[in-house]
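**Q** Residue numbers (the numbering used here): 1 to 258.
A few of these clues could be false.
[What the hints assert, rightly or not] Straight line, CA to CA, 20 Å or less: simulated EDC-like cross-link-like pairs of lysine to aspartate or glutamate: (1) Lys31 - Asp138; (2) Lys54 - Glu35; (3) Lys54 - Glu204; (4) Lys54 - Asp32; (5) Lys40 - Asp138; (6) Lys40 - Glu204; (7) Lys40 - Glu149.
To be clear, the hints were calculated from the coordinates, so they are not data collected in a lab.
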Amino acid sequence: MISPTAEYARVLFGALLLVVVALLVLRAVRKDRREYQRFKSFIRSDRRQRMYRKWLIQSATVFGGGSLLLLALLWRHVPLLLADINGVAWIDQLRSGFSASGALGPGIMLAGSFAVLALLVIGVFAARRGDPVASIGDIVALLPRNRAELRYGAALSINAGIVEELMFRLAIPTLIFAVTRNGAVSFALAVVLFALLHLYQGAEGVVGSGLIGVVLMTIFVATGSIVAAIIVHAFIDLRSLVLIPLVVNRVWNTDVER
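From just these sequences and the hints, can you work out the full model?
**A** What follows is the structure, encoded as structure tokens:
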């Protein structure tokens, strides 16, 4: 753990930031896009499952392990980041209102989350009648096609909720803050990076992921809890990778390899 007041800290973290961003962007531009194009050509379920498994392990290792390593180095910067972002007028008002409301604030947020989730679920069930199901970006090929693949959809959703929130709502913003000393800029740049890592889903996927990133970041900042953002993120992915295949495509009734 490096002290925020160390003379070499900003230079060291600046170099680390450049390396991390370069690796993540390079991964998104080359590896993720190439692998997703290959995945879209797969017909046999066993090949699809191997790729699901590979993505699951890599995501847990790269984003999960990477975020833990960064936070181990940056932990003393986390309270400084949160204090700085809470100094922004509208964020301070949001946090103050949330704190002053007692149980009412969490209750309203919980009710709002359930309302959004209900709308998403209703949209999925409406698709059973032939209505188009809303999706962000080019994700159709990702949807599980049978029961065996469905477990990977659930695992990938929960894993993404945990490791991507730790990385892009906490570790990356803290690393950027260690260099810029500006909380608002740190969170904004982290959202941009989160969006760019969805290049494999096309332009719509980048824009949609950016908007979702803003929502998740707002939840984190408003509540001060990364757990709340993790839960919402997991629900969003479970809707796409579990609920849609179950309700619309009825993959639970499909157990053949295809």
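**Q** Taking the hints in turn, state whether each one holds.
**A** Verification of the supplied hints:
1. Lys31 - Asp138: holds, 16 Å
2. Lys54 - Glu35: holds, 11 Å
3. Lys54 - Glu204: Since the Cα atoms of Lys54 and Glu204 sit roughly 25 Å apart, the hinted pair is violated (cutoff 20 Å).
4. Lys54 - Asp32: Distance of about 12 Å is within 20 Å: holds.
5. Lys40 - Asp138: This hinted pair holds, its Cα atoms lying about 10 Å apart.
6. Lys40 - Glu204: Satisfied, since the Cα-Cα distance of roughly 18 Å is no more than 20 Å.
7. Lys40 - Glu149: holds, 14 Å
The structure does not agree with numbered hint 3 stated previously, though it agrees with all others.
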